[in-house]
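S.K.: For the protein sequence lines, the chains are A and B, in the order given.
Read in order, the letters of the first sequence correspond to residues 14 to 289 in our numbering.
Read in order, the letters of the second sequence correspond to residues 20 to 279 in our numbering.
Hints may be right or wrong, so weigh each one.
[Said to hold, decoys possible] Rough simulated footprint, nothing fancy, chain B against chain A, three-plus residues with beta-carbon under 8 Å: (1) 58-66; (2) 86-92; (3) 95-105; (4) 217-231.
[Unchecked claim] From chain B, some residues computed to sit far from chain A (all C-beta separations above 10 Å): (5) G28; (6) R33; (7) R94; (8) M141; (9) S144; (10) D148; (11) M150; (12) V151; (13) G154; (14) T155; (15) H204; (16) K208; (17) P212; (18) I227; (19) K245; (20) S259.
[What the hints assert, rightly or not] Per label pair, the in silico range of CB-to-CB distance: (21) L23/B / D25/A: 18 to 26 Å; (22) E227/A / Y46/B: 25 to 33 Å; (23) P55/B / N19/A: 21 to 29 Å; (24) A26/B / A92/A: 35 to 43 Å; (25) E64/B / D124/A: 21 to 29 Å; (26) A92/A / L23/B: 51 to 59 Å; (27) L272/B / P28/A: 23 to 31 Å; (28) W64/A / G246/B: 34 to 42 Å; (29) S49/A / S42/B: 30 to 38 Å; (30) H67/B / E227/A: 23 to 31 Å; (31) N19/A / H67/B: 28 to 36 Å.
What the hints contain is simulated information worked out from the structure, not anything from laboratory work.
Heads up, the beta-carbon is just placed ideally off N, CA and C, and yes, glycines get one too.
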Amino acid sequence: MIEFRNVDFSIDGRPILSNVSFVVQQRQTRVILGPSGSGKSTILRLLIGLWVPDAGNILVHGEDITQAGPDRLREIRKAMGIVFQHGALFDSMTVGENIGYTLLEDKHPEDEIEEVVAKYLTQVGLHPEIGDRMPEELSGGMQRRVAIARALAARNPGVLLYDEPTTGLDPQSAERITDLILHLRDTMGKTSIMVTHDIADAFKVGNRITVLNEGRSVFEGTPEDLNAAQDPFIAEFLEPFRKAVAAACQRMDEGGPSAGARFRPGTPRPQPGGTS
Amino acid sequence: MEALVAAVGNRVRRVLEVVQDVSLFCYSVLRSAFFPPFYKHEIIEQIHFALVGSLFIVMFSALVAGQALAIQLARELAKTGAKSELGHFMVISSVRALGPVLTGIVVASRMSAGITAELGAMKSSDQIDAMVAFGTDPMKRLVAPRMIGLWIALPVLTIIGDTLSVIGGGFIGLTYHVTLDSYYHGVGKYLTPANLLVGMIKPVFFAILITTVACWKGLTSEGGAKGVGVATTESVVISSVGILVTDFICTKLIFRILGW
Chain A
14 MIEFRNVDFS IDGRPILSNV SFVVQQRQTR VILGPSGSGK STILRLLIGL
64 WVPDAGNILV HGEDITQAGP DRLREIRKAM GIVFQHGALF DSMTVGENIG
114 YTLLEDKHPE DEIEEVVAKY LTQVGLHPEI GDRMPEELSG GMQRRVAIAR
164 ALAARNPGVL LYDEPTTGLD PQSAERITDL ILHLRDTMGK TSIMVTHDIA
214 DAFKVGNRIT VLNEGRSVFE GTPEDLNAAQ DPFIAEFLEP FRKAVAAACQ
264 RMDEGGPSAG ARFRPGTPRP QPGGTS
Chain B
20 MEALVAAVGN RVRRVLEVVQ DVSLFCYSVL RSAFFPPFYK HEIIEQIHFA
70 LVGSLFIVMF SALVAGQALA IQLARELAKT GAKSELGHFM VISSVRALGP
120 VLTGIVVASR MSAGITAELG AMKSSDQIDA MVAFGTDPMK RLVAPRMIGL
170 WIALPVLTII GDTLSVIGGG FIGLTYHVTL DSYYHGVGKY LTPANLLVGM
220 IKPVFFAILI TTVACWKGLT SEGGAKGVGV ATTESVVISS VGILVTDFIC
270 TKLIFRILGW
């Protein structure tokens, strides 16, 4: 279980997070949703101890990481895998070396590393042969999947953190990523936190959603609760998405020629309710 | 007036803060370089990058600078009838002073730009954070191998540079009717352990300077590609000027210690 308790964080006196609290239960996906600059990614950096909060507590399996020393923090991090925005793959290493990074660090035998790399590449839907390629030779979606494979191979963590995992991807690649996140939760029991500004992804993936605005938590609840929320900021934040869904549904119902172009087969239809 | 005092005060405070940050960073770099774990593969890679990558440019610069220096010395020595002392003066100027500084500046220009740009790009693409998140200390994996690599490469390059500089001087000496026998007699006479020591100690400090400045600039760069570009330029300028300042301080200290 992961818990944020009244966390405050600022950079050079500028508040980034103010009194943020939430709990992530085992095998759940918590989505941190909000516009750009609302402090979403800061939450992940605080959670892996890259930054230290000004006030409040961050508990990972009951242990307050704000009180942990560097060595203990390194141990706690082993229980978590993180997928950074745009993947953050090590560009001087091959795909295989990226995925087997922690195993290489721990000096595991080469054949064991190769086996693990092949296993996790297959698990994220990629061919094991791409292990010899360099990250820049892959598409954005493939890089993101390699980043997920790397996070999984990092000592098979119980907690996975995703920082804007679908940003900049085409709809098909984005869908593959969100399907993979759901698959990892439902079949492997991973606890996850996903930071995103994509409302469709939040509705699809989240068991619970926290909405941030200017560093403050303005909503906490299920996707259904979010859809029914009356808060003016929430309504304004969801409005473009609702309009897009309504317009798309209307086109689909009319069976117009652009329907196929807008919604390719396999792309899930978001279900915000209310306006469609 | 008050505003001016406040502005100067702020500026001084900022400079002192930077000096403090760099000093602490330098301390961390040195600590990382002396205590395990050591990343052997990265160390070898860095030695190769510094040594092989800088070899040609160091050789060329040393040969040309040595010959230029020899022309100046030979002309002046000819006026006093002491042309036979050319080897002596070439050893003193090349091994003690010009060789280490020239090699240091050439390597600083090349390595600081490379290190800062690489680490800056890694930082802006979250690779450094990823490394930390996966339990690796970037000081150990990225910074310490560069320091150790330069500690090995820079003295070797300095020796090669000094040698070529002295050899180049010999050829210039021939054009001023200084025989090779007479030239190398002077060289051998003054190529003493003390002179060699002076020339070999400086690169050790230059390596600390180059690694500290380049890594610190790279790891603290901000603002994407533009920020990395600015950091790279600053890194080269600070390292190059720093080499001259470090050379002065080292020379002063060594002379005092050796009682020269």
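S.K.: Evaluate each hint against the coordinates.
M.R.: Outcome of the hint check:
1. 58-66: holds (count 3)
2. 86-92: holds (count 3)
3. 95-105: Coverage by chain B holds for the stretch 95-105 of chain A (8 residues, Cβ < 8 Å).
4. 217-231: Contact hint for the stretch 217-231 of chain A vs chain B: violated, 0 residues under 8 Å.
5. G28: Since the minimum Cβ distance to chain A is about 19 Å, G28/B lies beyond 10 Å and the statement holds.
6. R33: holds, 13 Å
7. R94: Its Cβ never comes within 10 Å of chain A, the nearest being 50 Å, so this holds.
8. M141: Violated, because the least Cβ-Cβ distance between M141/B and chain A comes to about 8 Å, which does not exceed 10 Å.
9. S144: Incorrect as stated: the minimum Cβ-Cβ distance to chain A is 6 Å, not above 10 Å.
10. D148: violated, 6 Å
11. M150: Violated, because the least Cβ-Cβ distance between M150/B and chain A comes to about 8 Å, which does not exceed 10 Å.
12. V151: violated, 6 Å
13. G154: violated, 5 Å
14. T155: Violated: least Cβ distance 6 Å, not greater than 10 Å.
15. H204: holds, 50 Å
16. K208: Given a closest Cβ separation of 49 Å, the condition holds.
17. P212: holds, 41 Å
18. I227: At roughly 24 Å from the nearest Cβ of chain A, I227/B sits farther out than 10 Å, so the non-interface label holds.
19. K245: holds, 18 Å
20. S259: holds, 26 Å
21. L23/B / D25/A: 18 to 26 Å: holds, 24 Å
22. E227/A / Y46/B: 25 to 33 Å: violated, 39 Å
23. P55/B / N19/A: 21 to 29 Å: violated, 40 Å
24. A26/B / A92/A: 35 to 43 Å: At roughly 49 Å between Cβ atoms, A92/A and A26/B fall outside 35 to 43 Å, so the hint is violated.
25. E64/B / D124/A: 21 to 29 Å: Cβ of E64/B to Cβ of D124/A: about 24 Å, so the range 21 to 29 Å holds.
26. A92/A / L23/B: 51 to 59 Å: holds, 55 Å
27. L272/B / P28/A: 23 to 31 Å: Cβ of L272/B to Cβ of P28/A: about 49 Å, so the range 23 to 31 Å is violated.
28. W64/A / G246/B: 34 to 42 Å: Between W64/A and G246/B, where Cβ atoms are some 19 Å apart, the hint is violated.
29. S49/A / S42/B: 30 to 38 Å: holds, 37 Å
30. H67/B / E227/A: 23 to 31 Å: With Cβ atoms ~50 Å apart, the hint is violated.
31. N19/A / H67/B: 28 to 36 Å: Since N19/A and H67/B have Cβ atoms about 52 Å apart, the given range 28 to 36 Å is violated.
Going down the numbered hints, you'll see the structure goes against 4, 8, 9, 10, 11, 12, 13, 14, 22, 23, 24, 27, 28, 30 and 31, while the others check out.
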